[in-house]
Structures are given as C-alpha cells and as structure tokens.
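Participant: Here's the letter readout for the chains.
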Amino acid sequence: MTVTIRLQREDFDAGPEIARLVGARTDIGAIVTFSGICRDHEAGHSVTAMTLEHYPGMAEEEIARHVEEAQKRWPLQGVTVIHRYGRMVPGDNIVLVVTASAHRDAAFAAAEFLMDYLKTRAPFWKREEHGGATSWVDAKETDDDAARRWTAAT
Amino acid sequence: MTVTIRLQREDFDAGPEIARLVGARTDIGAIVTFSGICRDHEAGHSVTAMTLEHYPGMAEEEIARHVEEAQKRWPLQGVTVIHRYGRMVPGDNIVLVVTASAHRDAAFAAAEFLMDYLKTRAPFWKREEHGGATSWVDAKETDDDAARRWTAAT
Amino acid sequence: MKLLYFAWVRERVGKADEDIALPAEIRTVGELMDWLAGRGEEYAYAFENRKVIRAAIDRAHVKPETPIANAREIAFFPPMTGG
Amino acid sequence: MKLLYFAWVRERVGKADEDIALPAEIRTVGELMDWLAGRGEEYAYAFENRKVIRAAIDRAHVKPETPIANAREIAFFPPMTGG
Chain F
75 MTVTIRLQRE DFDAGPEIAR LVGARTDIGA IVTFSGICRD HEAGHSVTAM TLEHYPGMAE
135 EEIARHVEEA QKRWPLQGVT VIHRYGRMVP GDNIVLVVTA SAHRDAAFAA AEFLMDYLKT
195 RAPFWKREEH GGATSWVDAK ETDDDAARRW TAAT
Chain R
75 MTVTIRLQRE DFDAGPEIAR LVGARTDIGA IVTFSGICRD HEAGHSVTAM TLEHYPGMAE
135 EEIARHVEEA QKRWPLQGVT VIHRYGRMVP GDNIVLVVTA SAHRDAAFAA AEFLMDYLKT
195 RAPFWKREEH GGATSWVDAK ETDDDAARRW TAAT
Chain B
9 MKLLYFAWVR ERVGKADEDI ALPAEIRTVG ELMDWLAGRG EEYAYAFENR KVIRAAIDRA
69 HVKPETPIAN AREIAFFPPM TGG
Chain A
9 MKLLYFAWVR ERVGKADEDI ALPAEIRTVG ELMDWLAGRG EEYAYAFENR KVIRAAIDRA
69 HVKPETPIAN AREIAFFPPM TGG
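Chains as they are written, first to last, in our numbering: chain F, 75 to 228; chain R, 75 to 228; chain B, 9 to 91; chain A, 9 to 91.
In case anyone wonders, no lab produced these hints; they're calculated from the structure.
Below, simulated BS3-like cross-link-like pairs (lysine-lysine); rule was C-alpha separation at most 25 Å, straight line:
hint : chain 1 : residue 1 : chain 2 : residue 2
1    : A       : Lys10     : A       : Lys23
2    : B       : Lys71     : R       : Lys214
3    : B       : Lys71     : B       : Lys23
4    : B       : Lys59     : R       : Lys214
5    : F       : Lys214    : A       : Lys71
6    : B       : Lys10     : B       : Lys23
7    : A       : Lys71     : A       : Lys10
8    : A       : Lys10     : A       : Lys59
9    : B       : Lys10     : B       : Lys71
10   : B       : Lys10     : B       : Lys59
11   : F       : Lys214    : A       : Lys59
12   : A       : Lys59     : A       : Lys23
Source: prediction; values computed, not measured.
Chain F on its own, in the form it takes in the complex (with noise of 0.2 Å):
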C-alpha cells in the first residue's frame, strides 16, 4: 500500500500524481481521481476568491486516519491525498483524492469516503471573497449527511 498525504500552498497536478501512485506496478486495475476545484459560485452568490486555513499537524494526522479506515474497509494498493491552503481563485485546484485498486468498486467508494470526510471531519475552514466583503463558509447538513452514511450501516 502506497500512500501519500500532502498539504501544500503549491498548485498540484493529477497526471503526474496518478502515474506516481501506479509507478511500476501491474496487479491495479482501477484508478479513481477525485479533483475538487475553487468554484466562481457557491450557494446563488458569486465567489472571487477563497482562503483556506487549516490546522498544521492535525490535517496530516486526520487525513492518514481516515486513510487507515479506508484501508481496512476496502482492498486498496495506494492512497493519495493533497490538500491545498492559503488563497486560491476559482478553476484554482483545492484538493486531489487517489485511490488505486484491483477492482473498480473499492476504489470508487474510497475515493467518496475519504471526500466526505475531508469535507467534515479535516480540520480546514474556507473563507470566501465575494464582491469587496468576506466571509466564512458554513458547513454544509449535506456534507454532514453524507459522511453519516460511512456509518450508519456498521
């Protein structure tokens, strides 16, 4: 099992991440990429631009928690995970989810587990420029939802 977990200000880029993550190997059948983009909209207002702040430490660790979870959950042969901080603008790159396995169905659904839960249980917060002013992002009930899924069946 391959894994790497990144937080970095620099943009990323998912081919290269992709071609590391296989590298030579030959028994993966399936590659899932997750590429989650600063959007110029959020929720009907238009956004400019986005800070993400996060807590040093913490990120890495919950990140390579919930790596762990995937890794007993499903049959995985590699994980990748890198999260940007500091200030992006839309078509900016924010977050980067790999996941490589023999079978498409694992890697599918340990790319959405991990997605979920970095969307409500990593320790980032978004702060949104929208039109001169700023302001924090909510948390979504639709995120919270769908990371309770993860559970309610086990």
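For chain F, the structure is supplied; the task is to place chains R, B and A on it using the hints.
Facilitator: Just chains R, B and A now, with coordinates in the frame of chain F:
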C-alpha cells in the same frame, strides 16, 4: 456541456484530458476520473496480455447514448470517455472516464454509471493471453448487477 | 443485408461479416439465429447456445423478439466485456 | 497548556494560540469552554454559541464531555469546511 468520446489504439494520459475538459471554465467544482488499467491477474490466474476487440461505429454510438443518459440524470458540465482497443500488457491504460460537475456527488455518480455501462453494454470484448494460451473473458455477473442498480429504482 | 460477427462468434463462424439475402419468412432476430444455425457446422457451433448471444440492429442493442424489418446491418456477439 | 483557535473562533478571540494555566477544577472540554467564555468580551463572543464549536485534544477530535486529563494542546474551531 463538453463531450469527448474517443476510441483509439494509442495510449492516453489522464492529466491533459482533465485539463482539456476544464479549459478556462471556473464553474466546475468537482472532477472525477476513472482509469481502467490492464491487470496481471484475473480471477486467480495470471494474465500476460489482453486484446480488446470492438464494434466500430456502434461503440461510439453506444457510449454517446450513455453519456446523454448521464446528462439527463445529473447536472454535468463535461464528460470525456476514451476507450482503447488492440493489444495491451499489464500496466497499460484501457479506459478513461472523466466527469465534471459543480458538485461532487453528481461527478461520482455519473462516472460510476458510465463505467458500469461500459462494462456491460459497450460493444467491446477482451481476449486474454495467459501461459501461451488465449481465451475470451467471460462477462461477470457482478458487472451486470452493478449496471442494474441504475435501473432498479426508476 | 449485412451480418457482422464479433469475438468468439466471429471465430466460430470463421468470418467477420457477410452479405446475405434472407428468406422472407424470417421476421425476428431470434428466427434469424435459428436460420443461421442451420447453415452449416461452423454456424451451428457459433449459435449452439443462442441464449448467451447478443444482437444489435443498425448499431443498437436488440432482443431476440425484435423484428428485423428494414435492418441494414445486424451484428451477433457474446456478452460485452469492455471497460 | 497550549490553546489553539482557528477560523472565526481565532478572529473573535483575537489570537491564534496562547499558553494558559488552567484551574484544577476544570475537568472537561465543555467546562473549559465555559471558563474561557468568562475571560472577557472577546472570549464571550467567540464562545457565545458553544454548540457549534468543535474541539480537538492533541490533534484528535473530542466531544465536550471528554476529560482534559493530560492534554498538551487543545484546539477550538468551527465545523470544518475543507475538501
């Protein structure tokens, strides 16, 4: 809605395909990418190579029909499907599906939907090479079940 | 009418496609499979288990009971294994 | 003990972190929030709606009833909005 469907003998690279789909748009929030890769094993036996035969013309049309169906079901901003044919060895890319949406649940669902349908409805057939022999890959019931879940509820 | 064969159906029939003049009494895809199966050993082998063979008319999936009607191109093949 | 504040909790308190000597009678995270809220206007404002504030002890999520025990680092922050 940006739709790209390509059948090709040549390899592809997920990174540039994602970048092409996003382009200069700033309204996309989520990109889900599925890469299907030729594995060195299948149902317990080793695989040294695989040849993909397809029905030219119908393959493109069938994929286009499912992309249209995905657009009806989810608010998508772009879909790219690339499927290779010809001979591949373990580690080679076989298929790429990229879905773009403002929201991650739509992007995930559409990518899974398209993969389930590519597996069971797109006219491609795999012939494996293993230990000097070749054999046609049998369709999997689990793939049929996966495809059926998209119709069961409607 | 053009017939196309893919994967092991193609291998068993021994050709990828052929042009054929159908008897007028063949009205459905299933009837066409029955008729083809009687055209010789290789066809009998290809169509021995008709339940697993899929068909497409003019590049769209159809069922055995689908009428052939004005089909230009009919294809027979095993269950798909793409993706 | 080190206290950390993030996002609007940090903005309201007016600092990102501080070292603090806690009274011995404070045993849980919830009791610590109550005590902090009484430390002045900016704290009262930051902790006015304690139900929405989340906490972590030594970089792991905890609930208000979690004992502080031997915590080295306690953080307070709003619900997370990453990803």
